[in-house]
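Each protein sequence line maps, in turn, to chains A and B.
According to my numbering, the first sequence is numbered sequentially starting from 1.
According to my numbering, the second sequence is numbered sequentially starting from 1.
Hints should not be assumed to be uniformly reliable.
You can't tell identical chains apart in this list, so a pair holds if it fits in one copy or across any two.
To be verified - Quick list of in silico lysine to aspartate or glutamate cross-link-like pairs, DMTMM-like style, CA-CA up to 25 Å:
#1 32 to 235
#2 262 to 291
#3 262 to 298
#4 24 to 309
#5 264 to 291
#6 32 to 339
#7 264 to 244
#8 257 to 291
#9 284 to 339
#10 192 to 291
#11 32 to 309
#12 192 to 261
#13 46 to 56
#14 112 to 164
#15 46 to 291
#16 59 to 75
#17 46 to 16
#18 44 to 16
#19 83 to 37
#20 83 to 164
No lab work stands behind these hints: they were computed from the structure.
Just so we're clear, the structure is a prediction, and the values are computed from it rather than from any experiment.
There are 2 protein chains.
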Amino acid sequence: VILRLAIIGFGNVGQEFARMLLLKREWLLRSKGLDVEVLAIATKTKGSLLSRTALDLEKALGHLKASGTFEGLPEYCDLTPLKIINHCDADMMIELTTLNVETGQPAIDHIKAALDVGMDVVTANKGPVALAFDELRDRARARSVRFRFEGTVMDGTPIFNLVERTLPGCRVIGLEGILNSTSNFVIGEMAKGLSMDEAIRGAQARGIAEEDPSLDIDGWDAAAKITALANVLMDANLTPRDVEREGVRAVGSQDIKDAAEKGKKIKLIAMAARSGDRIRLTVKPQTVGPDSVFWSVDGTSSALRIQTDLMGDLTIVESGPATTQTAYAVFSDMLLTVEAIRAGTLC
Amino acid sequence: VILRLAIIGFGNVGQEFARMLLLKREWLLRSKGLDVEVLAIATKTKGSLLSRTALDLEKALGHLKASGTFEGLPEYCDLTPLKIINHCDADMMIELTTLNVETGQPAIDHIKAALDVGMDVVTANKGPVALAFDELRDRARARSVRFRFEGTVMDGTPIFNLVERTLPGCRVIGLEGILNSTSNFVIGEMAKGLSMDEAIRGAQARGIAEEDPSLDIDGWDAAAKITALANVLMDANLTPRDVEREGVRAVGSQDIKDAAEKGKKIKLIAMAARSGDRIRLTVKPQTVGPDSVFWSVDGTSSALRIQTDLMGDLTIVESGPATTQTAYAVFSDMLLTVEAIRAGTLC
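Go ahead and model the full structure; you've got the sequences and the hints to work with.
Structure representation (structure tokens):
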């Protein structure tokens, strides 16, 4: 079977995903009977590629690395992503543009366009799931296509798929986690004696934090993630603006020292809890002790505790992730979507 | 759709599973279109029940609680479990007899008999998976039925289902975990000042440890679990006798104090690692520091770290489990089996 992809957004994750497709090409053919072809790649600043037949991914990656643009390749074009989605013959759209936490755009429009032309959609962008989940889910169902988003929270660590595929019949009662790597890394560095500015610059130098770190430091990234989780796993139908949000910006070195003197650490904890008919979402710095499952979740690691009715509490921890893990989220969603197509189911 | 069950072994887990079936009866009908009927329950010492139509589970549980036996109920019989498996009309056999770590019997024979008459099989007994996995898996495949065993390790926490259903394309490179609750609880109590004997009696009083605690204290339970994990997730084809095994029996209060003085705890760690073409399995007490993901896994909690090629390292922690969680393992395996039957797949 041939599976034809359009990749919209081609930064680190997109490029790593393309390398994974090359690396696993033989395995996909042999074990899954799957011949994955990429027909289009759209970017905001590096031009786009569009073809009727499979792009040569190795060549495209090499050209991009050498020249910083797709210009010069025969499949180069300067169509907008929306035009590419509407004009390419892909079966599946992989949405990897960057987060806009206020509007979720342009990702939401890309996803709507792809669903409307009958494509299955996989995204690693948390905006659409945090801001428009119910609408996109219903739209996908109405078109009989699939919408998957494992990479939006904790990279490729299975969270959505874990609940959907391994906890049948369980109701999620509450969620609690360390979801923003930058904040966790910065507080950890401050505990070693650095100032917040120094810690942020260190995170930027390692490629953990963006040039504008405010999305992380002010708690917006964690807010978007806990909203995405609550929308999908607890039917919350909320947006990041509904989160009681306090980032780590106001955490001082003295606070960290005071906590340490009491044998505690400060962690940025995101929570979702049922409160009557409502779901209450919070993101705020909290102290945790050595008996907490979050105690050892340091550096860029992250963790999520899931409270359920039938299965009690379970926690999943991702240790020291890299871009590979986010690319794997897309890869696994692609495979699970193909499985669903073959089984004739919608998720 | 009617799903007819035979339950072989009816201790705490079996009874809790029966209560879960009663509790979720409406949900099963409404959400899954599934009418679950129990046609047979076999026990070693309490007699058995066998019927052509659905047993009244509430009545059976009540009678058992009141009189300690099934004798007196109209469906009472004294056939052996094997005869019951061969004579009942069930679609699925739920195997819940107790572990024999040397032979895996009588569970292995029960499972073979059920597979041979075309039943799907769900078990929470780790013996068959630790001692005869390849044979049982192949037998199930040859009969086009399913064999599931999520409850054998870490109760209902998804481990086997996690790897199978949410990590497609990932190769498991290594496993490391705290898998035996009794050992973990006993060492924790010793750290509070109790002797090992006192700690074991405390575990027995709480229903954590068996009357004969040697399976736990000598590392056999952990050995059976790491073997089951390695057989399924790493194609090890080994038995618990192949494990380099050292339980917590030789751990003294002084060892725990010495570790504490260095800021460490002692934990019984089970590991599976690739070593050339072989899989090496070990169970032994090890010291862990506060930076370890196992540091906060105290009391009866357990944890497993899974190292993979594409998704890096992830750890799943089960906090303070109860019988409900093991019953849920059986419940979830039952549902996933029904899903597989409907999709026409074998797992």
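To see whether the hints hold, each was checked on the structure:
no.: 1; hint: 32 to 235; result: between (33 Å within a copy, 19 Å between copies)
no.: 2; hint: 262 to 291; result: both (13 Å within a copy, 18 Å between copies)
no.: 3; hint: 262 to 298; result: both (18 Å within a copy, 20 Å between copies)
no.: 4; hint: 24 to 309; result: between (39 Å within a copy, 12 Å between copies)
no.: 5; hint: 264 to 291; result: both (10 Å within a copy, 13 Å between copies)
no.: 6; hint: 32 to 339; result: both (9 Å within a copy, 20 Å between copies)
no.: 7; hint: 264 to 244; result: within (23 Å within a copy, 37 Å between copies)
no.: 8; hint: 257 to 291; result: both (19 Å within a copy, 18 Å between copies)
no.: 9; hint: 284 to 339; result: neither (39 Å within a copy, 40 Å between copies)
no.: 10; hint: 192 to 291; result: both (21 Å within a copy, 14 Å between copies)
no.: 11; hint: 32 to 309; result: between (36 Å within a copy, 18 Å between copies)
no.: 12; hint: 192 to 261; result: both (14 Å within a copy, 23 Å between copies)
no.: 13; hint: 46 to 56; result: within (17 Å within a copy, 68 Å between copies)
no.: 14; hint: 112 to 164; result: within (23 Å within a copy, 31 Å between copies)
no.: 15; hint: 46 to 291; result: neither (49 Å within a copy, 42 Å between copies)
no.: 16; hint: 59 to 75; result: within (11 Å within a copy, 72 Å between copies)
no.: 17; hint: 46 to 16; result: within (16 Å within a copy, 59 Å between copies)
no.: 18; hint: 44 to 16; result: within (18 Å within a copy, 56 Å between copies)
no.: 19; hint: 83 to 37; result: within (19 Å within a copy, 55 Å between copies)
no.: 20; hint: 83 to 164; result: neither (33 Å within a copy, 38 Å between copies)
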